[in-house]
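There are 2 protein chains.
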Amino acid sequence: MDDKNFVKELTKMDDNFTDWYTDVILKSELVDYAPVKGFMVIRPYGYALWENIQKVLDEKFKETGHKNAYFPLLIPESMLNKEKEHVAGFAPEVAWVTHGGDNKLQERLCIRPTSETIICTMYSKWIKSHRDLPLLINQWANVVRWEKTTRPFLRTTEFLWQEGHTLHSTANEAIEETLRMHKIYADFCEEYLAIPVIKGIKSEKERFAGAVSTYTIEALMHDGKALQSGTSHYLGTHFSKAFDIKFQNKVGKEEHAYQTSWGMSTRVIGGIIMTHGDDRGLKLPPNIAPIQVVIVPIAGQKPGVLNKVAELKKELSSKFRVELDDREEYSPGYKFNHWELRGVPVRVEIGPRDIENNNCIIFRRDTLQKETISLDTLQEHIEKLLVDIQQNMFEMAKENTENYTFEARSLEEYINIFETKQGFVKMMWCGDVACEDKIKDLTASTIRCIPFEEEQLDTKCAICGKDSKHMVYTARQY
Amino acid sequence: MDDKNFVKELTKMDDNFTDWYTDVILKSELVDYAPVKGFMVIRPYGYALWENIQKVLDEKFKETGHKNAYFPLLIPESMLNKEKEHVAGFAPEVAWVTHGGDNKLQERLCIRPTSETIICTMYSKWIKSHRDLPLLINQWANVVRWEKTTRPFLRTTEFLWQEGHTLHSTANEAIEETLRMHKIYADFCEEYLAIPVIKGIKSEKERFAGAVSTYTIEALMHDGKALQSGTSHYLGTHFSKAFDIKFQNKVGKEEHAYQTSWGMSTRVIGGIIMTHGDDRGLKLPPNIAPIQVVIVPIAGQKPGVLNKVAELKKELSSKFRVELDDREEYSPGYKFNHWELRGVPVRVEIGPRDIENNNCIIFRRDTLQKETISLDTLQEHIEKLLVDIQQNMFEMAKENTENYTFEARSLEEYINIFETKQGFVKMMWCGDVACEDKIKDLTASTIRCIPFEEEQLDTKCAICGKDSKHMVYTARQY
Numbered sequence: 002m003d004d005k006n007f008v009k010e011l012t013k014m015d016d017n018f019t020d021w022y023t024d025v026i027l028k029s030e031l032v033d034y035a036p037v038k039g040f041m042v043i044r045p046y047g048y049a050l051w052e053n054i055q056k057v058l059d060e061k062f063k064e065t066g067h068k069n070a071y072f073p074l075l076i077p078e079s080m081l082n083k084e085k086e087h088v089a090g091f092a093p094e095v096a097w098v099t100h101g102g103d104n105k106l107q108e109r110l111c112i113r114p115t116s117e118t119i120i121c122t123m124y125s126k127w128i129k130s131h132r133d134l135p136l137l138i139n140q141w142a143n144v145v146r147w148e149k150t151t152r153p154f155l156r157t158t159e160f161l162w163q164e165g166h167t168l169h170s171t172a173n174e175a176i177e178e179t180l181r182m183h184k185i186y187a188d189f190c191e192e193y194l195a196i197p198v199i200k201g202i203k204s205e206k207e208r209f210a211g212a213v214s215t216y217t218i219e220a221l222m223h224d225g226k227a228l229q230s231g232t233s234h235y236l237g238t239h240f241s242k243a244f245d246i247k248f249q250n251k252v253g254k255e256e257h258a259y260q261t262s263w264g265m266s267t268r269v270i271g272g273i274i275m276t277h278g279d280d281r282g283l284k285l286p287p288n289i290a291p292i293q294v295v296i297v298p299i300a301g302q303k304p305g306v307l308n309k310v311a312e313l314k315k316e317l318s319s320k321f322r323v324e325l326d327d328r329e330e331y332s333p334g335y336k337f338n339h340w341e342l343r344g345v346p347v348r349v350e351i352g353p354r355d356i357e358n359n360n361c362i363i364f365r366r367d368t369l370q371k372e373t374i375s376l377d378t379l380q381e382h383i384e385k386l387l388v389d390i391q392q393n394m395f396e397m398a399k400e401n402t403e404n405y406t407f408e409a410r411s412l413e414e415y416i417n418i419f420e421t422k423q424g425f426v427k428m429m430w431c432g433d434v435a436c437e438d439k440i441k442d443l444t445a446s447t448i449r450c451i452p453f454e455e456e457q458l459d460t461k462c463a464i465c466g467k468d469s470k471h472m473v474y475t476a477r478q479y
Numbered sequence: 002m003d004d005k006n007f008v009k010e011l012t013k014m015d016d017n018f019t020d021w022y023t024d025v026i027l028k029s030e031l032v033d034y035a036p037v038k039g040f041m042v043i044r045p046y047g048y049a050l051w052e053n054i055q056k057v058l059d060e061k062f063k064e065t066g067h068k069n070a071y072f073p074l075l076i077p078e079s080m081l082n083k084e085k086e087h088v089a090g091f092a093p094e095v096a097w098v099t100h101g102g103d104n105k106l107q108e109r110l111c112i113r114p115t116s117e118t119i120i121c122t123m124y125s126k127w128i129k130s131h132r133d134l135p136l137l138i139n140q141w142a143n144v145v146r147w148e149k150t151t152r153p154f155l156r157t158t159e160f161l162w163q164e165g166h167t168l169h170s171t172a173n174e175a176i177e178e179t180l181r182m183h184k185i186y187a188d189f190c191e192e193y194l195a196i197p198v199i200k201g202i203k204s205e206k207e208r209f210a211g212a213v214s215t216y217t218i219e220a221l222m223h224d225g226k227a228l229q230s231g232t233s234h235y236l237g238t239h240f241s242k243a244f245d246i247k248f249q250n251k252v253g254k255e256e257h258a259y260q261t262s263w264g265m266s267t268r269v270i271g272g273i274i275m276t277h278g279d280d281r282g283l284k285l286p287p288n289i290a291p292i293q294v295v296i297v298p299i300a301g302q303k304p305g306v307l308n309k310v311a312e313l314k315k316e317l318s319s320k321f322r323v324e325l326d327d328r329e330e331y332s333p334g335y336k337f338n339h340w341e342l343r344g345v346p347v348r349v350e351i352g353p354r355d356i357e358n359n360n361c362i363i364f365r366r367d368t369l370q371k372e373t374i375s376l377d378t379l380q381e382h383i384e385k386l387l388v389d390i391q392q393n394m395f396e397m398a399k400e401n402t403e404n405y406t407f408e409a410r411s412l413e414e415y416i417n418i419f420e421t422k423q424g425f426v427k428m429m430w431c432g433d434v435a436c437e438d439k440i441k442d443l444t445a446s447t448i449r450c451i452p453f454e455e456e457q458l459d460t461k462c463a464i465c466g467k468d469s470k471h472m473v474y475t476a477r478q479y
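Going line by line, the protein sequences match chains A and B. First residue of the first sequence: 2, per our numbering; consecutive thereafter. First residue of the second sequence: 2, per our numbering; consecutive thereafter.
It should be emphasised that the hints constitute simulated quantities derived from the structure, not laboratory data. One or more of the hints may lead you astray.
It does not matter which identical chain is used: a pair holds within one copy or between any two.
Stated by the list, open to error - 30 angstroms max Cα-Cα, derived DSSO-like pairs, lysine-lysine:
| id | residue 1 | residue 2 |
| --- | --- | --- |
| 1 | Lys303 | Lys441 |
| 2 | Lys251 | Lys309 |
| 3 | Lys336 | Lys247 |
| 4 | Lys206 | Lys149 |
| 5 | Lys38 | Lys68 |
| 6 | Lys56 | Lys242 |
| 7 | Lys247 | Lys28 |
| 8 | Lys439 | Lys56 |
| 9 | Lys320 | Lys61 |
| 10 | Lys470 | Lys126 |
| 11 | Lys68 | Lys467 |
| 12 | Lys470 | Lys441 |
| 13 | Lys83 | Lys105 |
| 14 | Lys184 | Lys56 |
| 15 | Lys336 | Lys251 |
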């Protein structure tokens, strides 16, 4: 818990981004490594971030008619095997339960890597008529995928997420739902996390195992790698056929239901860190920061200071999420570092002279600027400032994304980009998997998505020279 | 999803309480059985109940200084084995993960049955000084215990709960914390769930595996069996010694930290059902009901009715959790049954004549009474009514508990009670396990707790006749 020397201990972002990331998440006490490889402990500060994310998303899901439910953690092997593409995608990475107490189980159970199969099994019992549709259910849960290489938040064996699973009586309605949830994710990332995203659809190679189409939002991290931040799948009738989910339509005929699923996970916390952080540590968007304002008394031992900061805390707490750091054993300088590392958007410093002048000093984490503000207008000032910081963080991230978005019109250009720098690459693509495989082999980059807003950069595929079908965004990814 | 004939299909409570319970939870769509034996699916209506419970408890935990965090689902076998009493209590009922994908794990991992061992492992890393204490952490999570006989909510292989885990620098402070959380549970049950509880401490035989003392709240169900509804454990230094959780105290000396843990689970939902339900189905306390008011239009096809109910819904929704049942395909009578089965506290019925007279009919689920109310005072009326229903439900449950609380002064009297009826039995006890074993063998009842408020019924143990140490509450239990 000692971060006295954290500034010199924190790896510089430009020296080694990976080490910087690890330093920041551990020292800011967002997470800790668990005793089992690949697992993480989400510490209170990290979990508070997740709670804020959950609160906003949950409200948006409910506003759009979804209800929460809870399905079992364990899925029988035979059930996982029902949808062929799905099991091929997930079976290699599930954890298997073989014993309950001292008894060997008759059939192995896997810990859910995602819940389509168990949820479909229940849906097939519940759905009989078009009157039962649409069925709009979401689940907040933990899932387990046995990953080979893991990093806290970005890829962990166990992670927390929400998974929406809906059933509809027509394909159109299901596709609308898929796009609605995709938009909710995109808006959430931009408005709350201040992360600009590219919205688009996955190529066939990259789509979810069992989906007809996968919609994604892709964000560019500070090191030029992309992070898939939320996906929304139109499943068609793939699962409803495998699981026999049928309903009587309005004219009394039996049909298979049309289905969607969509999820966002603790992974986005990694996105927040890598989009906004700097060499001092985290930088949290005000709309989602567990602490929006920290108050640090200067010369707290002087008469009147501690009373004044306690009063301020009470006043500001009616409007903002406020922390008062009145610990006696640490200096103000230590506390400044402590809360900058933790990314608190606004710091209020106040000492005897400030109190005399009815002033305080305000520090904003995004630009590192300080200014002197009258205590009479402090609340209104902070209110505006938080909006401004949120906006500015989004603009900075957007600028960064634009600066690291390149165009390639030939394979040579393409390779050259990844040899000298890293970022999003826009290019034309013929639609063949062969070209996807080729760029992966040569540069370890993949097609992140076919964006909703395509540009006509060329008429030929940048990789093979054949006629192009789409403009795509590619990148190396997390 | 068809409950047209539910009234005749619902088993009568007095005919067979177990079947009544199963009928009610399935038909009201609180839960469904999962494909794996012992697991349950918590359906939206049941999960909404859990969300309301979570919201209230989470607020109370945060008000008392606790923060949420998240610890891994899987625990290595060697870690579970560290605290001897604990492993003896839990090892026979854990699920074991032996394979990750195709690979056999070097060490088996159990799915957490409770998280003391993994949390202690982390705490031993985090705690160094008295300044790091108290550490007040709570976790909302799923846990798995491989139970032989299961029933939805009451005893399931997987269940949802919260588990608080705190560390303190003195035994006194930890005991205070244990009692504070115990009181929060008791008040929550009485004020929100309208379930009267007996507060007390467990006998040594019944306490949590690894605890110094376990505090419990015990409630009496409609069939005279007791439900343990929340427990709070003072762990002393049992775990901190096994897991090496040490801190430097104020004079620089190393000490083992004093610990507590406390939990409440989806089990209390079973308590709500069995405390309040009747032959029409659920009866939900207004403070926790997912729907507090349901509006049913009468003759909805008549002009103006659907407009009026939509307007009413909008108006009432600003104050209450309201559902409007304007389905065209069902009759009012069907809807009355539908929502009574689901335990909605208040029903508003309104038809053309009511609209003419600026009236509506209000039905209260607890007493089954109807009255005519002016629309001008509807909101205020419902506000008072919900308070009244909440209070009345508590009083009815309290009366039932009192009516089914008996006293025994001899073994003969004791056995006689359980041969003819069932309920709480108050008796004097010598403190010996032998007497506990005896009543269990003879009547399948156990000591539920030594209550905080003991009465001096006698000077001798009712079972063996030796000098008594305590008055205890016994019962058969869920």
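Hint by hint, here is what the structure shows:
1. With identical chains, the CA atoms of lysine 303 and lysine 441 are never at most 30 angstroms apart, being 63 angstroms at best within one copy and 66 angstroms at best between copies.
2. Only between protomers do lysine 251 and lysine 309 lie at most 30 angstroms apart by alpha-carbon distance; the minimum there is 28 angstroms, versus 68 angstroms within a single protomer.
3. Proximity of lysine 336 to lysine 247 under the C-alpha cut-off of 30 angstroms is restricted to the inter-copy arrangement: shortest distance 26 angstroms between copies versus 61 angstroms within a copy.
4. Taking the closest pair of Cα atoms, lysine 206 and lysine 149 come within 30 angstroms of each other only inside a single copy of the chain (21 angstroms); across copies the shortest separation is 45 angstroms, beyond that limit.
5. In this homomeric assembly, lysine 38 and lysine 68 come within 30 angstroms of each other (Cα to Cα) only across copies, at 25 angstroms, whereas the closest approach inside a single copy is 35 angstroms.
6. Taking the shortest alpha-carbon separations for lysine 56 and lysine 242, neither the intra-copy value of 34 angstroms nor the inter-copy value of 38 angstroms comes in at or below 30 angstroms.
7. For a Cα distance limit of 30 angstroms, the shortest separation of lysine 247 from lysine 28 across copies, 21 angstroms, qualifies, whereas the shortest one inside one copy, 52 angstroms, does not.
8. Taking the shortest alpha-carbon separations for lysine 439 and lysine 56, neither the intra-copy value of 42 angstroms nor the inter-copy value of 51 angstroms comes in at or below 30 angstroms.
9. With identical chains, the CA atoms of lysine 320 and lysine 61 are at most 30 angstroms apart both within one copy (22 angstroms) and between copies (20 angstroms).
10. Neither within a single protomer nor between protomers do lysine 470 and lysine 126 lie at most 30 angstroms apart by alpha-carbon distance, with minima of 42 angstroms and 55 angstroms respectively.
11. For the identical chains of this complex, lysine 68 and lysine 467 are neighbours neither inside a copy (47 angstroms) nor across copies (58 angstroms), given an alpha-carbon limit of 30 angstroms.
12. With identical chains, the CA atoms of lysine 470 and lysine 441 are at most 30 angstroms apart within one copy only, with a shortest distance of 19 angstroms there and 76 angstroms across copies.
13. When the C-alpha separation of lysine 83 and lysine 105 is checked against a cutoff of 30 angstroms, the pair qualifies both within a copy, at 23 angstroms, and between copies, at 24 angstroms.
14. Taking CA atoms no more than 30 angstroms apart as the test, lysine 184 paired with lysine 56 passes in both settings, with 17 angstroms inside one copy and 28 angstroms between copies.
15. Proximity of lysine 336 and lysine 251 under a CA criterion of 30 angstroms is satisfied inter-copy only: 22 angstroms between copies versus 66 angstroms inside one chain copy.
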